[in-house]
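Kindly produce the complete structure, drawing on both the sequences and the hints.
So the chains spell out like this:
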Amino acid sequence: MRGRARHVADLTRPRLVEAVFVRSPHPAARVGAIDKTRALAAPGVVAVLTAGDLPHTPLLDSVQIDGLRKTPQPALAGDRVRFAGEPVALVVAHRRAQALDAAELVEVDWQPTPFVLDPGAAAAPGAPPVHDEIAENLLFSADKTYGDPAGAFAAADLVIEQPLIGNRYLAAPLEGRGCLAEPADHGGLTVWASTMGPHLLRRRLAQTTGIPEQRLRVIAPDVGGSFGLKIPAAPEEVAIALAARALGRPVRWVEGRREQLVAAPHAKDQRIALELAVSARGELLGVRAILAGNAGAYSFNSASALIEPYLGAGLLPGPYRIEHVAAGIRSLLTNTSPISPYRGVGWTQPHTARELAIDRAARALGLTPAELRRRNLVASFPHRSATGMVYDSGSYLACLETAVELVGGEVATGGAAAAGLPAPAGPSEDAGATAGASWVDPDEPDVRLGIGVTSYVEPAGWGSNGALQSEWSFASHDAVRLQVDPTGGVLAAVGTPSQGQGHATTLAQVVAAELGVRVEDVTVIAQDTDAVPVSTAGTRASRVATVTGGALALASRRLRKRLLEVAELLLERDTAGSPAPVAGSPAPVAGSPGTAAGSPGTAAGDAAATLTLADGVVTGGARELTVRQLAEAAHFDLALRARLPEPDLVVTQFHDPPATYSNGAIAALVAVDLGTGGVTVRRLAVVEDCGTMLNPMVVDGQAAGAVAQGVGGALWEDVAYGEDGVPRGDSFGSYLLPRIGELPEMAIAHHSSPSPFTVNGVKGMGESGSIAAPAAIACAVAAALSPERFVVDRLPLTAERVLRGAGLLDAPDPAPATPPAPPAPGGEAARGEAADPESAS
Amino acid sequence: MTLPPFDYARPASLDEATDLLARGDARVLAGGQSLVPALAARLPGGPRPGLLVDLYAIPGLDAIEPLPDGGVRIGAMARQRTVELSPLIAQRAPLLAEATAWIGHPSTRNRGTVVGSLAYAEPAAEIPSVAVALDAVAEIAGPGGARRTATAAELLGASPATPTTPAAPQAPANPPVRRGTALTPGELIVALTIPARSAAERTAWVEHAPRRYDLPLVGVAAVVRADGTARLVFAGVGPAPVTLQLRSSAPLRGGRTTGVPAVAELRSFEGHMDPESTGVPAPDPLRARIAGTLARRALRQALRGPARTEAAHG
Amino acid sequence: MAEPRTIALTVDGERHELTVEPRDTLAEALRERCGALGVRVGCGEGHCGACTVDLDGATARSCTVLAVQADGASVRTVEGLAAPDGELHPLQQAFVTEHALQCGFCTAGMLMTAEELLRERPDADDDAIRAALSGNLCRCTGYQGILRAVRRARDEAGTGNGQGDAR
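Chains as they are written, first to last, in our numbering: chain P, 4 to 844; chain C, 5 to 318; chain L, 530 to 696.
No lab work stands behind these hints, which were simulated from the structure alone. All values reported here derive from a predicted model rather than from experimental measurement. Even for Gly, the Cβ is constructed at its ideal location relative to N, Cα and C. Wrong hints could be hidden among the right ones.
Claimed, not checked - Across the chosen pairs, the derived CB separations fall in these ranges:
1) P:A127 to C:G49: 31 to 39 Å
2) P:T526 to C:G49: 49 to 57 Å
3) L:G564 to P:D69: 51 to 59 Å
4) C:S202 to L:R650: 42 to 50 Å
5) P:L19 to C:S17: 42 to 50 Å
6) C:R52 to L:E543: 34 to 42 Å
7) P:G47 to L:P613: 32 to 40 Å
8) L:R650 to P:R685: 20 to 28 Å
9) L:R650 to C:Y60: 25 to 33 Å
As C-alpha cells, this is what we get:
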C-alpha cells in the first residue's frame, strides 16, 4: 500500500549472488554433455552448477495412498528431461542480468526423444514412456463404487453423458516463486521463500539436503499471492538451498514470468467422461465418471498428482442427494509440467461436468435448471454423502434462491424481465426453451443472453478428519502459541502465513474477541519456523480459519482464564490481605467470550463469576484493571506470582478440528456474440455460507477473488501446449488473466449456518468461486446457445469453440479435441470402460 | 524481465540518427512499448540489436501540426496518448483518434508513438490499418540526408482485396506473421502525414479481442464517403492491412449531418458483402467470420455516427 | 560498447545520480539503485502494470522504459503518494476502506494509474475507471474493491471531503 512490503526479491544479504536456471526447450530429451566453459568465462559469473554438482535425495510424492506409483523428482535433471522448462543447470552470478546472459552460453547437448502431451495418448500402446519404470504411463488407477450405481442407472429414465476436457491453467500469482538461501551455523541454512507453508518446506529441505530440521530455518517474507502454487516445495527451492551450501554464500532465485508460465507446476487438466442418471420426476439417482488426471511429468512431491482426479471423485455427489456413485480414477504421466495444487484442487472440473449434465437433464425434462437443483439439494443435516463426507450444516436451498434472485430471476419464469433484463424469447417448440433459455439483446441482434446457476459444497477447513473424509492421507493440524508480554501486548505465533488472505487481521480478531483485548494490541506472526510452532500443513485447503483460528480461540480462552486469576488475586489483595485459596485450585473460567462463568465453592470462583474481560479491561470488581496491569503484575509482582498455579502468560495449543463443509451458489448472466464468438459476463451473483464469519470483508474479498479466477479458467486461461510440446500461454500477453474490464461488479450475499462441530461454528472458505464459477459460466453460455444445441465439452470457451460448437464455423477444427477419456488400463475400448467403471472393480 | 545487453545512443539530429542506424545491428527506439518487451522476452529468434537509437532528443519530432491543405502531420515522437486527446486530430482525422484509444492502456499510450506503431507493422494492430484507410503518407529519412515519401500502403505492402480476388495466393499464416516495412537500413520514419479528408466523410474503427484492449484478433477501419463509396481496411487477416472497396447503389448525400442512415443505405453495402464473410482471404474461418461481423458493425457505426464536421464542433 | 553511463533521477523528491548499463530498465534502476522497492515487477514485459510509476507527470510501466531514457526525469512512486507526515493519500485510504488489496503486489501500480486518472478526469465514471485500469492485473480481488475504492476517492474529492475523511 505504501510500498513497504518486502518480498524475496527485495531482500539484501552480504555477498548475495543471483541464480538463473537453464531449462529444457524440449518436452523430452536425453541430456548429453553440458559445456560450462563459455558461461563460466562470462562477466560476473560465480558458478555454473549441474546435477552432478549438487548431490541430494530427490523429492518424492509424500501422499500415502495404496497403488500410487511415485516418481522421484530431482532438483536438477540429470541425463534426461521430461518436460519443457525442466531445469538442468544453475548459473550463479553477481547480478541477475549477468546470470541471464551467461545462461544463454551454457551449451547443452540436447538429444530430443519422442514425447506425449495428451493423457489419452499417454496410455495408448506404444506411447513413449515418461519414466521407463512406469508402465503405460499410469501412476494410479482405481475404481470406487458407493451405493449401487449399476442399479441406479438401470432404473434411470434419462441418462446424460457429459464429456469434459478440462483446461490446464495455473494460479499465476502476481509475485512469482522465489527464494534466498544462506548458510548458517553448524551446517544449517536460513531460507527465505515465497511459500505458503514454511514448516512444510523445512521438512522437504531436510529430506532432500540431509540437514536436520532444527538447523533449517525457513522464513516466508511478504508473499504476493499464491492460491496453492506455493504449497509444494519446488525443485528450484531445493537447488537454491544446495547451491548456497555448495558455494558457502547466500544465493537467490527470483522466478521470471515466462519461466513461471512454462515451467512452474500447472493445475487442473482432467479428462472427464461423466454420466448422470435421472428419473422422470427429476431425481438425480446416480453419477458415474472416469476422471483421468494429466499428472504431467512427475507426481509432484508434496502435493501428488492425485490431488486432481482423486479429490474430484470424492465430491462427485456435490451438494445433491445423489446416493449412488462410481468413480474411475486415473492419473497419467505426460511430458508436461507437473500438476500441483491450485484453488479448488480436484473439485473444479468434475463439478463443472456434473453441473453441465444437470442443466442438460433439466432441459430434457422441461424443468428450469434451478428447479432440478431445488429438487435434489441436501436439505437436512448432518448429511452423510454417498462418498462418506459428513455435511455438517448448510443453507443449500436458500443460497440457490438468493443467487437466482440476484442474477435476475429464472429465465423461464419471466423473472429476468422483472429484474430489468430483456424478456426471454417466448416459448418455442424447442423443449429446451423452458430451461436455461436464451434470449436476444434488443440492442444487438447478434448477441444472445443466457443465465447459468450452480450450487456447490466446499470441503472447508481440512483438519486431518476432513482429509480422512476425502480418503486422503494428510496430517493437517496446528499448534499455536499465544503470549501476553509485560506491557499487555499479545503475540500470536502461528504456522500459517498469509499470501493476501488477511490472516493477520482475521486471526487477530479471533484472539481479541476470545481473549478480551483490543484488536490493535494483538500481533500475529506466522513467517518464521524458528519463531512459531509447527503447522504440519501451512496455509492451504481453506484450513486457516478452522485449524489455526480454532487453536487460537482455544488458546485465548485458556489465557483469559489466567488473566482473570491474576485479576482476582489483585482485587483480593485490595481488600486487606486476606489470603485467597487459589493455589492448587485454579478458578475455572469458561463460557462465551467476554464473560467469566465461575464455579461455586471457592472465593476465587465467586470473584471470577463477577469479573469480565473485554477490550483489555477487567470490570466487575471493586476497580477496573487493564490487561497491562495484569501482565505487569504477573511478570514482576513476585508475591502474586508465587500464588499463581501457572505464573507465565504463555499458552501453547494444539488443534485438529473435525471436518466441516461450506456451501453456496453462483449465478452468471453472459452475453454471447454470435458474430465474433466473444463471451461477456454481465452479471455475477455469489452467495456464500461459511458458517460464522470471522471478518465479512475478508470473506467477500476471498469470494470475489476466487470467482474471478474461476471465470478466467472458464473463458480465457489456458496453458495450451503446442504441437512442439511447449506452452503457448507463455506470457501475460498470451496467458490471459481476467482484467477489470472483463469482470462485472459482483452481487455478493451471505447465509450463515454455523458448524455444530467447530469452535464458534466457523467454517473455512475461499475456494468455492474457483470450484463453481467455471460451471456457472459454462452453463450460462450453453443456455445462451441452447437453440444451437451447444454442448460444452471443453474449456476455456474461446471464440473458436463457441462458434464451432454452435455450428457457426464450418471448416474443420484445426486442433481437434482429444478423446474425453483415455483408454482404461489394458487397452480396452475407452468408452465402454468410461461408461461403466464399477464393472472393473 | 532483464534485457540482453546493447549500446544506446541519443542523437541530436536526424542525420546523426540515420548515420547510426546505417549500422546493421541498430534499431530505432521511440516509445519502446513493443521493442522493450520483445527484448525482455529474450526469445530465440527475438530482437538482439547491438545499438538502440533513441529519437527522443531530436528537436521537433514530437509535433502534431496542421497542414495548410487541411491535413495533419504527426511527428515520429508524438505519443499515442497525445494523438488520442489532440483536438486537431479529433477534427482532421477522427478515425485515428478513435483507433488510438484502443491501443494498449493509458500508461503504454503515454509512451508509445503512433509512428512507432506504424513502423512496427504488427498485422493486427490499429495504426497500420488506419494509416492505409486514411491514405497516410510516411516521410522517410535515410543516410546522407536522403529524404523520400511512401504511402502507408506501399510501406506496409498492403494490397487491395475484393470478394472475388483473394490477395494472398497461398494459405495465409495463422496468426498472420509480421512482414515489417519496406524501410532500408538506415532509414527511419520522420512523420506521418494524413491528407485532408472530405468534411462529409464518416469513419469508424471496430475491433475484437478476447479481452478488451488486447491486440485485436481482427480490426476494421471503415471510411464512408459522400459519394456513397466506402473503404474497409482489415487488420489481423493478413500479413499487412487488407483493403476492400465497396460501391454503394445509394450514395450518401453530401453534407449529410444527422441521423441514422436508412436501412436501405446499409443494405446497399451489405449487398456487396456476405454477412458471414467479407471475402477477405483471412487465415482461418474464425477470423473470416469476425471480419465479416466487424465489417458490418464498422459500416453501421460510421453511418450512425455524426459526420466529421459535427464531431469537430460537438 | 554498452558502456555504463551516469544518469540523474529525482525519485519521490530525492535526487539520485547513478551509473547504469543501457539495458537496465527504469524499474531495475529504481529498485536496485534508488531503494524504491515499492516498485514491483510482476512480469517484466509491460503486461501486468505492477511497476507503473509517474514519469514526469504521466504514468509509465517502468519495466518498458530504459533507465537511460529517463535521464533527468522526475519519478514518483507509490512511496511518494502519502504525505511526508505519513498521512495516506485519499486513494490509499480508499483502498484500505474498500478492501481493495489482498496480497498487495499489484497495488502500487493500481494506485499510480488511478491517481493519473482522477487527476485528468476527476469525474471519471465506471467505464472510464475500467478503461484506465485495464492494463493493471490483480489476481486476488476480482477488482471489486479496486473499482469501489477509485469511486470512493473520486466522490470524496468531488465533495471536498477527500482530505478530511482520509483518516
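Here is what the structure says about each hint:
no., hint, verdict
1, P:A127 to C:G49: 31 to 39 Å, "holds, 34 Å"
2, P:T526 to C:G49: 49 to 57 Å, "holds, 52 Å"
3, L:G564 to P:D69: 51 to 59 Å, "holds, 55 Å"
4, C:S202 to L:R650: 42 to 50 Å, "violated, 32 Å"
5, P:L19 to C:S17: 42 to 50 Å, "holds, 44 Å"
6, C:R52 to L:E543: 34 to 42 Å, "holds, 35 Å"
7, P:G47 to L:P613: 32 to 40 Å, "holds, 38 Å"
8, L:R650 to P:R685: 20 to 28 Å, "holds, 25 Å"
9, L:R650 to C:Y60: 25 to 33 Å, "holds, 27 Å"
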